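Visitor: Read off the chains here:
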Amino acid sequence: MATRDEKVIRIDLTADQKQQLKALTDKDAQAIELTVRELEERIAPGVWQNHNETFLSEPL
Amino acid sequence: MQHEQRFVDLSRVGNQRRLEGDPAAAEPFLREALDVAESEFPNDRLRLASALNALGLLYKDLARYDDARAFYERALSVVEQAAELDDRQVATLYHNLGGIEHARRNYEAGEPFARKGLEIRRRLADSDETALAVDMVALAAILDGQRKFDEAEALYLDALRILDREPATNAGEIAVALNDLGAHYAQRDQIDRANDLLTRAAELKAQTLGPRHPDVGVTLNNLAMVHKRRGDFARATALYRDAVDIFDEALGPDHPKAIACRRNLARCAADAPEERA
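Chains P and C are the protein sequences, given in the same order.
So the mapping is simple: this note's numbering equals the position in the first sequence, first residue as 1, plus 11.
Position 80, counted from 1, in the second sequence is what this note's numbering calls 79; the numbers after and before it change by one each time, with no gaps.
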């Protein structure tokens with residue numbers, strides 16, 4: 012059985028998105044499929060990637 | 000199935016606590032998630048790497064940099080031994096290894112990691128644009144630390160162009176990029192630009208993370224320094240005090256950010272002109 016993270020989510024494309032995809036890849040697609048993990052990475056990359064936030068300090 | 004659900008629930012709660020700015024509360028959940036992954040799914044390398052990466056991120060937030068680096072390196076070794084190499088995970092781990100050196104202000108050591116992560120991400124056929132922009136900002140911050148300002152500025156501006164395509168979804172990442180670009184201009188003595196960007200970053204962070212999140216404290220600290228440079232010592236002092244309170248509350252008074260911010264506050268007080276009677 013697939014784990015939750017491996018479960019595939021199907022997202023149907025709008026007409027505009029289908030056209031954009033066709034223009035970029037020359038492929039006809041009705042939908043894209045992502046695993047839950049892939050979807051989370053797209054929604055919240057901060058879950059997996061750290062942030063290098065600049066913290067200004069006075070010289071010692 | 001029971002173990003799978005347990006792993007997912009522990010990871011979710013742990014990651015959520017960390018993202019809320021409470022890494023100490025996240026630790027037991029993420030530790031247990033790793034225990035479950037190691038005992039129940041020893042051959043599931045991607046899951047194991049994910050649990051190790053989560054602990055690396057956590058220990059970076061807790062300023063336990065040696066521990067964080069060890070977890071990232073273990074995760075990288077696990078991923079590289081997997082039957083199917085997941086380049087997205089490899090790119091993320093190099094990005095995160097660069098982050099440890101950034102946090103240590105060891106920028107020269109961090110640059111090769113950050114460049115490698117970005118290079119791998121750029122090559123991915125299904126590259127996630129937001130993740131790519133986050134890589135660019137991370138490398139730019141490392142370049143700023145070495146005063147390689149021109150390349151850093153170009154990376155920030157490219158990243159913001161990407162992130163701004165979906166401003167609502169990317170609000171948190173935009174706030175980080177604005178903080179770093181604001182700090183970049185402060186270092187180049189472009190104080191008005193710095194002030195505008197840092198003010199926007201502070202507002203956006205407060206909206207997306209809540210006003211007491213330690214990442215808000217980082218931007219308030221930077222904004223305080225900009226006000227000090229403008230000669231507004233009263234405003235700078237108030238902002239530094241807010242930032243110190245946030246760090247003390249969220250991370251504890253011994254965390255390097257709390258210590259550095261308190262030092263900035265003391266320096267601001269020492270440099271302020273004496274009030275005339």
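Take the hints with a grain of salt, since some may be wrong.
Said to hold, decoys possible - Label-pair distances were calculated between CB atoms; the ranges are:
1. P:71 x C:252: 38 to 48 Å
2. C:231 x P:39: 58 to 68 Å
3. P:71 x C:211: 24 to 34 Å
4. C:168 x P:71: 36 to 46 Å
5. C:164 x P:39: 21 to 31 Å
6. C:252 x P:70: 19 to 29 Å
Said to hold, decoys possible - Part of the chain C face toward chain P, derived, beta carbon under 10 Å:
7. 49
8. 56
9. 105
10. 111
11. 115
12. 136
13. 175
14. 252
15. 253
16. 256
Unchecked claim - Partial list, derived from the structure: chain C residues whose beta carbon lies under 8 Å from chain P:
17. 52
18. 59
19. 61
20. 190
21. 258
22. 263
23. 266
None of these hints come from the bench; they were simulated from the model.
None of these values were measured; they are calculated from a predicted model.
Cβ atoms here follow ideal geometry from the backbone N, Cα and C, with glycine treated the same way.
Visitor: The structure should be examined with respect to each hint, and the outcome stated for every one.
Guide: Structure-based check of each hint:
no., hint, in the structure
1, P:71 x C:252: 38 to 48 Å, "violated, 19 Å"
2, C:231 x P:39: 58 to 68 Å, "holds, 59 Å"
3, P:71 x C:211: 24 to 34 Å, "holds, 28 Å"
4, C:168 x P:71: 36 to 46 Å, "holds, 40 Å"
5, C:164 x P:39: 21 to 31 Å, "holds, 24 Å"
6, C:252 x P:70: 19 to 29 Å, "holds, 22 Å"
7, 49, "holds, 8 Å"
8, 56, "holds, 6 Å"
9, 105, "violated, 12 Å"
10, 111, "violated, 14 Å"
11, 115, "violated, 14 Å"
12, 136, "holds, 7 Å"
13, 175, "holds, 5 Å"
14, 252, "violated, 16 Å"
15, 253, "violated, 16 Å"
16, 256, "holds, 6 Å"
17, 52, "holds, 6 Å"
18, 59, "holds, 6 Å"
19, 61, "violated, 13 Å"
20, 190, "violated, 12 Å"
21, 258, "violated, 10 Å"
22, 263, "holds, 5 Å"
23, 266, "holds, 4 Å"
In terms of the numbered hints stated before, the structure departs from hints 1, 9, 10, 11, 14, 15, 19, 20 and 21, listed from lowest to highest.
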